[in-house]
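*Asks:* Sequence:
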Amino acid sequence: MDLEIKGKTALVVGSDSGIGFATAQTLLAEGATVIITGTQQEKLNNAVEKLKFYSNVHSYLVDVSKSESLKELHQHIQQDIGKIDILVHSAGISGASGLFHEIDEAGWQETLDVDLMGAVRTVKEFLHDLRTGSWGRLVLIASENAKQPYLDEIPYDCAKAGILALAKGLSKTYAKEGLLVNAVSPAFIETPMTDAMMAERSDKLNITKEEAITSFLDEKRPHIELKRRGQPEEVAAVIAFLCSDKASFVKGSNYRIDAGSVSTI
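Residues 0 to 264 in numbering that gives the first Met the number 0 are what the sequence shown lists, from first letter to last.
Misleading hints may appear alongside valid ones.
[Unchecked claim] Calculated lysine-lysine pairs in the BS3-like style (CA-CA distance at most 30 Å, straight line):
1. Lys82 x Lys65
2. Lys82 x Lys51
3. Lys65 x Lys250
The set of hints was computed from the structure by calculation and includes no laboratory data.
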């Protein structure tokens, strides 16, 4: 299916690996010019190398916890490419973990600063681009945690619930200008974030990584009857659709890509 985004320019923030990288790759395959970002030059270079088949890819370092870094990114994009039409915000961290009484204020602050305020800063910096030209797409990455909180991830739960509120508010504010805003909520996708989670579980329980994944699915995610992690490309396919002309009557929605992990419909 042709998503009709050839000639559009997309910025995918947090795209040197995982869901962001898969999204960038999907948008490139559809003919969009894509800007990828990361926080480490080596990882960003590796991502660019994997995308070398495409001539319309650009890469920049950015730290979404700093407004100045986002302003610098915007200046580079304006000088090198022009304005963006599509923004996908995929940058984030797992953040502080533990029960509520075990997490200090610094842990809360770091999680909210990156996972929620990072999205706020990014949207504020690029909002003018997206509102210009009567056509824009914004997709924010939330999580299953936004709808089904986990007791040992409360800061992350709160940040991702905030992302859904942000998406809904933006969608109602700017739809008349042609900017359509939506969110996606993945669950247990095969990314560096869940790789790290499973490595920690493996060490803690003295089991293999595969055993860690299996036991996690059985104990922590029993509603994922498919009994596997999702693939980044499976999330990227939905994001790419939401970035396209095919989604011209879709706004203010949250698309769960969770294989039923959230137990309500």
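*Asks:* All hints, please: hold or fail.
*Replies:* Now the hints, each set against the structure:
1. Lys82 x Lys65: OK: Lys82 and Lys65 at ~21 Å, within 30 Å.
2. Lys82 x Lys51: Roughly 23 Å between the alpha carbons, so the hint for Lys82 and Lys51 holds.
3. Lys65 x Lys250: 28 Å, holds
The structure fails none of the hints (numbered hints given earlier).
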